[in-house]
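Engineer: Given next are the chains, with one letter for each unit.
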Amino acid sequence: MNKKFLSLAAAGALILGLAGCAGGDAASESSGPKALDELVVGFAQVGAESGWRTANTKDIQASFEDAGIELKFSDAQQKQENQIKAIRSYIQQGVDYIAFSPVVETGWDAVLNEAKAAGIPVVLTDRAVDSKDTSLYVSFLGSDFIEEGKKAGQWVLDEYADATEPVNIVQLEGTTGAAPAIDRAEGFADVISENENLQVIASQTGDFTRAGGKQVMEAMLKANPDIDLVYAHNDDMGLGAIEAIEAAGLVPGQDIKIVTVDAVHDGMQALADGKINFIVECSPLLGKQLVDIITTLNEGGTVEPRIITEETTFTQEQAIEALPDRQY
Amino acid sequence: MSALLARIVGSRLFWPIVMLFVLFVVNLIAFPGFFSITIKDGHLFGSLIDILRNGAPTLIIAVGMTLVIATRGIDLSVGAVAAISGAVACAIILGSPNPGSPATVAVAVLVAIGISLVLGVWNGFLVAVLGIQPIIATLILMTAGRGVAMLITEGQILTVNSPPFKMLGSGFWLGLPVAVIIAAVLFAAAALLTRRTALGMLIESVGINPEASRQAGVRARGLLFGVYTFCAFCAAIAGVILTANTAAADANNTGLFIELDAILAVVIGGTSLAGGRYSLAGTLVGALVIQTLVTTVYTVGIPPIATMVFKAAVVTIVCILQSPRTNQALGSFRRSLAVRAGKGAAAS
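Chains as they are written, first to last, in this note's numbering: chain A, 1 to 328; chain B, 329 to 676.
Calculated directly from the structure, the hints in this document are not laboratory data. Just so it is clear, the structure is predicted and the values come from calculations on it, not from any experiment. Accuracy of the hints is not assured; some may be wrong.
[Said to hold, decoys possible] Cross-link-like lysine to any residue pairs, in silico, SDA-like; alpha carbons within 25 Å at most:
(1) 494(B) / 372(B)
(2) 72(A) / 484(B)
(3) 368(B) / 228(A)
(4) 58(A) / 509(B)
(5) 79(A) / 638(B)
(6) 79(A) / 489(B)
[Unchecked claim] Facing chain B, according to a computed beta carbon distance under 10 Å, are these residues of chain A, among others:
(7) 51
(8) 58
(9) 62
(10) 176
(11) 177
(12) 181
(13) 199
(14) 209
(15) 211
(16) 217
(17) 219
(18) 220
(19) 225
(20) 240
(21) 266
Cβ atoms here follow ideal geometry from the backbone N, Cα and C, with glycine treated the same way.
So that you can see chain A by itself, here it is in the shape it has in the complex (with noise of 0.2 Å):
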């Protein structure tokens, strides 16, 4: 009895103790910036589901490296419970800084606030979160995704700006719940109403990977013979409906034409191909931005709420030229 009475006294005294050393260093934190290399950054990344995302993955990478920050890197897998295990665990080894790409919308509130308590500033990266309480991240940095689906749908806009007859549009979706697959879904949708000629007449999600883009495309192909333009969220997407088309006899980019969103490097070379007929560009390249925003705030200074990194658009031709220097 009293054996258990003093094991039970010593655990109470170490947890004590414990959380003792958690109070300790949370002070610590708030006074004066530190120096580059003893911050640590921790970054969760949704997973490798794309040649966009693993370009996005280096970059981040890469740029932490050559500024001489440490950065804890975590892949989700596309799965939230991952990510919201890999940020609770940064909150408890108490690093400096939290950035990640959300792989949903929503359901971030209550890890937010987690890291909020522990006082560690939070910047999403590419991907925003649906949540009211814009105190729960200091910026959000990334692309204007509904700007995104303008783009793409400006030019179908001008592409079909004389055709008499309906054109039939289907669409690839992202990962359901993401935001960049709901803004380039709404953006693309928004233009096109302009012209009431331009009909989306199935819309499926291909999970944002090749597989995905390929059986979804092979199973509209059949259900919807007149097919005359794909809007796919991502490249690869994209790429898979290219050889489903291929395989139903069709050629890519006439007999079908397809705009997409990314602008990888093995999309840029099927657009240079003729096979892709547009593609918006979503930069991956965030990691200096990303640098920048915890260098300022590690010196005390605010950065802005929304910052949106600079992105453009390609045709065929504009491929062929940009080609030979991507860096993804």
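Fit chain B to the given chain A structure using the hints.
Structural biologist: Just chain B, lined up with the frame of chain A:
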């Protein structure tokens, strides 16, 4: 006639086949050309061909899974093994000086299969020698395996440009998809090997009562090694097909959740997770139901948000129809049919 009907209704395959048929009808209503098969560029082209081709990897893995489940085991690592196999094959093809030569592809595929066999032996070792519960033993490789595949691809999607490799996933031979031919050969081989010999019965005996089998002289340990290795072999082939389909190895997504699809195919096919009696034909029907379900979502145009619920509903219905209680309730109906069959036989 009614006797035949009674036998059909009584069969474990009755409800899965009915479900498959219902899905076909749903497709046909949504898209009247569903059954049409045409010839394009010298190969067969149509929705049914897509279902067979896209369902081939699931079927292949489900065949291996059937034998594992028959021994009262389970193999959760098949998806990860498929990812490793695809990653190894692509890495070798990318690293070779002439990726387009059939010899390179043959070497790549053989090495991928070889590595997967080692992984299968590892699973077998954990289960048969160390006596770890199969669900835990294979869970190790399920989680670790994807990490290994990521290491092989260095976190990148490896895109290969190799026509012979691509053939394996999306090519056609004599007008038929190569993937379907591979699946058919593997299915036939597994069926012949286990059903034309005593092997299948021995596997079942291990599943029903390992101790009694051992005392009766059945070498359970060797059989367990055999089924887990065979299952990994199936996963390796499926991994190669999945990767070749898009000519790209994607460590994160190749074969993701395919273990669940394969287990589901086995269960829909009427093989009990408690081990023992198994049905390869049932597994075939199960795999077709699952793939038809996926294709139905696309052809019917079910909104992506509702996809999961739709799939869950179909699977739930199949499981309810197959449950022992439902079968009991149907028993009386079956008996009445049998009685009528008896009368019919007397009259003729």
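Engineer: Which numbered conditions among the earlier hints are violated in the structure presented, ordered from lowest to highest?
Structural biologist: Violated hints (numbers, rising): 4, 6, 9, 13; every other hint is consistent with the structure.
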